[in-house]
Every structure is written in C-alpha cells, then in structure tokens.
Amino acid sequence: MNMAMRNLETANLQTSTVRASLGGLLLACLLAGCSILGGSKSPSTIYAPDPRVQADPAWPSVSWQLSLAPPTSSRMVDSQRIAVRPTPGEIQVYKGAVWDKPPSEQVTDTVLRALEDSGKIPAVARQGSGVAADYKLVMDMRRFEADYAGAAVPSATIEVNAKLLHAPDQDIVASHTFLQAVPAAGTEVASVAQAFDQALGKIGHDMVGWILVSGDAHERSGAHKGGH
Numbered sequence: 131m132n133m134a135m136r137n138l139e140t141a142n143l144q145t146s147t148v149r150a151s152l153g154g155l156l157l158a159c160l161l162a163g164c165s166i167l168g169g170s171k172s173p174s175t176i177y178a179p180d181p182r183v184q185a186d187p188a189w190p191s192v193s194w195q196l197s198l199a200p201p202t203s204s205r206m207v208d209s210q211r212i213a214v215r216p217t218p219g220e221i222q223v224y225k226g227a228v229w230d231k232p233p234s235e236q237v238t239d240t241v242l243r244a245l246e247d248s249g250k251i252p253a254v255a256r257q258g259s260g261v262a263a264d265y266k267l268v269m270d271m272r273r274f275e276a277d278y279a280g281a282a283v284p285s286a287t288i289e290v291n292a293k294l295l296h297a298p299d300q301d302i303v304a305s306h307t308f309l310q311a312v313p314a315a316g317t318e319v320a321s322v323a324q325a326f327d328q329a330l331g332k333i334g335h336d337m338v339g340w341i342l343v344s345g346d347a348h349e350r351s352g353a354h355k356g357g358h
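Using this note's numbering, the letters of the sequence shown correspond one by one to residues 131 to 358.
Since the hints were made in silico from the structure, they are not lab data. The beta-carbon is built from N, C-alpha and C at its ideal position, and this holds for glycine as well. Each hint can be trusted.
30 Å max Cα-Cα, derived DSSO-like pairs, lysine-lysine:
hint	residue 1	residue 2
1	K293	K332
2	K266	K231
3	K266	K293
Restraint-style ranges between C-beta atoms, simulated for each label pair:
hint	residue 1	residue 2	range
4	D299	Q222	43 to 51 Å
5	T175	V283	15 to 23 Å
6	D186	K225	36 to 44 Å
Build the full structure now, drawing on both the sequences and the hints.
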C-alpha cells in the first residue's frame, strides 16, 4: 500500500512538472510574439488609398439619378494582396502588404464620392440601396497592379471598362475603357501605394466626367423617350 502511494505521488509530481514546463513554454512563446500554431508570422502593413477628385466646372449638371452596380473582376485582380508584375506574363504579390479593401471597392468608392462631392447630380448610390435610378453604371475591373513594364520602377496600373445603361430599358448609352499608369517614386511598397492613390484619383476624375457628359447627351437627344 505504501509503495502504491509513493508511485502515485511520483506520477502526480511528474505531471505537475510537465504542466509547469508547458506553461512556462507557452508564456515565453507569448512574450516573444510567436504562435503555437505553425510558427511566427510577420504582420502585414495595410495600405488605404484615399484619393480626392476635384470637380471640373465644365461638367454638366444633370437632373437624373445613378446607381453603381458591383464591379466584376477576376479573383486575382480583386484580391486584397497587392499585385506586382515584374515581367510580362508574370504576377506576384508584395510580401507583408495588403489593401484595406478590394480594388473593386476602391474604384467604386472613388467614383461614388467624386460624384457626390461634385454637386452635379441629385442622387447617386450603390445598386440595391433603394434609390430609383434613371441610369446604371456597370464596371469590369481588368487590371489593378504595379507593372514594371521594363522600367526601373513600377507604375500603378488601373484598367476599367465602364458601361452606362439607361435603367428602364437596360440600353447601353455609352461604353469606354479607362486606363491609368502612374509611375511610383520608388520600388518601396509605400511609394507604390502612393502612386495608386494618384491613379485612382485620375480614373475617378475621367470616369465621372464621362458619366455626366454621356448621360446628359443621352437625355438631350431624347433617345431615352423611345423606350416609354
């Protein structure tokens, strides 16, 4: 009986020692910032372009309302990983860097805010918001990448095809492909992100002017009245 008790005490002592060792190891790991699930992982830097578009006084003021449909794009183009094209036909991503939101949302937000701030249109909103839109903008995201294109520094390259539809009959009023390539100040990711800020602003400016002019021309032509 005494021998059994001593064996039990020894087993309990060993268990306590193992628990203490594991607890110390876990504490040390937490203090060192490492993960017990697969090793350490360096944090990502989040980049959030915030372009501001200056309205052009030449843009027409319109009386119709607009909705923005969610852009279509491939998964690679619309990834929150920041894509870079070091050579033609090759796509990589910057390590330890991500966008705060997908490129399609960045473009939509830029166009939406630029239209709202322009004061040239009575109402603009995302599709499904409840706004009774007269026209609808649909976009296809083709490129959103840092492209070296044989240069020493990459250019923030954004390519978007846009179509303006007359909402009641879904007729295409106008279609245009917008492309901007703004060279970065350097090869660092921060410089690339700054170039994307500028490229988004340029795309937003060009697209908003095109939307207002195209819709205004369609209204003035009276073509939309044929659908009623």
